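Trainee: Going line by line, the protein sequences match chains A and B. Position 103 of the first sequence, counting from 1, maps to 103 under this note's numbering, and the rest follow consecutively. Position 282 of the second sequence, counting from 1, maps to 282 under this note's numbering, and the rest follow consecutively.
What the hints contain is simulated information worked out from the structure, not anything from laboratory work. This one's a predicted model, so the numbers in the text were calculated from it and none came from an experiment. You may find that some hints are simply not true.
Residues from chain B shown here face chain A by an in silico Cβ test under 10 Å; the list is partial [as the list claims (entries may be wrong)]:
#1 P44
#2 E178
#3 T182
#4 H198
Glycine included, each C-beta is placed from N, C-alpha and C at the ideal position.
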Amino acid sequence: MDQGIASAGSGGTLLEIRDLVVQYPSANGWLTVVDHVSISVGRNDIVCIVGESGSGKSVTVQAALGLVQPKGGRVRSGSVKFDGQELVGMSNRQLNRIRGDAIGFIFQEPMSSLNPAYTVGDQIAEVVRRHRGVSRQEAWKRAVAVMDRVHIASAASRANDYPHQFSGGMRQRVMIAMAIACDPRLLIADEPTTALDVTIQARILEVLEELQAESGMSVLFITHDLGVVAEIARSVVVMYGAQVVEAAPVEELFRNPRHPYTSGLLEAMPQVALDRGHAPVAIPGVVAQAHSWPKGCRFHPRCGYCQPEVCAAAPVPLIPDDHGYVRCSRAAELRSVLGKAATERTIPVMT
Amino acid sequence: MPVTPAAVALPPASGFVRRFCRNRTAMISLCILVLITLVAIFAPYLAPQDPARSSLRAIMKPPSLKYLLGSDDLGRDVLSRLIFASRLSLIASVQAVVIALGIGLPLGLISGYVGGWVDAIIMRFNDALMSFPALILAVVIVGMMGPSLTNAMTAIGLVYAPRVMRVVRGSTLSVRQEVYITSARATGCGDARIILRHVLPNVMGPLVVQSTVLMGQALLAEAGLSFLGLGVQPPEASWGSILGSAFPYMQRSPVPTIAAGLVISVTVLCFNLVGDGIRDSVGRMRRAGD
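Kindly produce the complete structure, drawing on both the sequences and the hints.
Mentor: In structure tokens, the structure reads:
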């Protein structure tokens, strides 16, 4: 099983999520938790989805792989194309051939995403055996090899251990090993570092970057941590209130945020804020809930640049601009203000 | 279904075994149960006399060296009869529990995993069956199928199936929500594989506890049915039927009644205590493991 190394920037789209609408049942009928979200991931690309909890980022990718249906959710409309194949409406049997093979998935909680009843080697080998149909010994060898690749020390003996014998960071490595066991073309990582210590986070990110560089697989990375974004992303999709509010290449997003929400996220970053000599500024208010979206722009009640007559009137469309997309009625006027804020604004340090 | 040898019924055993061994009550109970099982297996070598041989000269004798626990109304040695009866009693209990598991386990897994209207239908049948007193329902079933030990234990198995099902369904419902189930699905596991490989091993803990407790209850139910003459038929004997035949003469010769009653009570108690011990050990492991 050799690594198919794609030439960097080979171009083309690997994953294309278009106008995806996902709903969950509630007491008052279906609740839209992902609202016409479009995301595309190129080959050999690293895309980050950023947003607060409840913005719909996890549900978007889980729905794309048909993982919300067993939990009662449904994909109302939209399309998900993976390597030209339409995944929405695909039978579970067909999806099962893709999941775990061409698409690897890492979950947020390393503590609970491994089955406590089997050794980790067994669990990785099981994935290999199912997708590759190789012998038991070969699958086991492969399991040890991928554990070694994610830098688990003495992988051969640790493969015989049960998940509870691993620390959080090591378990997340096991999860990564399982996700890459079949050389996926796309790796989806759903907040893989959120539950870990900062130091462990850095190690895990290194492992992911290294694997990506070696194999040329595409990575779709979900996080709420802009520090992580700055570290690994090539392009960024910002989600708020079940919608995409901004999409841009990573440098562009950090230098020139177009959406007040993105700007707010940047100001709330300790690294960025302290660097400029002021304390992190939290975005006031709480995330809007799916059952009570504000009228008009979903962010306007929390937005410092809100003009009620403009922002609360009608739903705001996603407008293309020179680098990506932004969903703000005042994007054009705010452009210079937000750009300036991102680079120059200093606020006296509050202690 | 390929099952790797390393796939164990209960999660990492070492801690579980250690904790169980430290539980003195459970260990003693387990030893008694093992002893009783050994007695049942080696009954022909252990019984001092032929349990079926009656003697007109030894009717309802009090305990003596020849008849350690006395003799019954037909002049048979009570100790030998109890030793041989342990075979039928244990086999009958196992039979009932196996039937209860055979029905309850798959239905519980399906009900808990699939949910929705499938769950609703299975659960309503379950509720209906649970609303009957177990022994009365068994009496009715035996009444329809005719008295025999197999019929009686089939009836008991049917009656206990809903209890197994409830436990399995409950655990399945909680296991189904675990991230590792979604994670398994994300690696391309189909539903059947998820149920067998990922849900089943994780409902095994509560299931083992429930089965152990049911063993005791099935033994008791068998004793009750045989006491009433609805279970084992003469000349074969189970503990319940020995108790039943000794009971009318309790005033003249109390030892056989007390002995049979004691054997039943102790065995049932041991099953319950072992069940509790397993539950405690598994429970503590779960908490320590997370």
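Trainee: State for each hint whether it applies.
Mentor: Structure-based check of all given hints:
1. Hint status for P44 of chain B: violated, given a least beta-carbon distance of 41 Å to chain A, over 10 Å.
2. A least Cβ separation of about 6 Å between E178 of chain B and chain A falls short of the 10 Å threshold, and the interface hint therefore holds.
3. Interface hint at T182 of chain B: satisfied, since its Cβ lies 6 Å from the closest Cβ of chain A, which is below the 10 Å cut-off.
4. Because the closest C-beta pair between H198 of chain B and chain A is about 5 Å apart, less than 10 Å, the hint holds.
Hint check: a violation occurs at hint 1 only; the rest are consistent with the structure.
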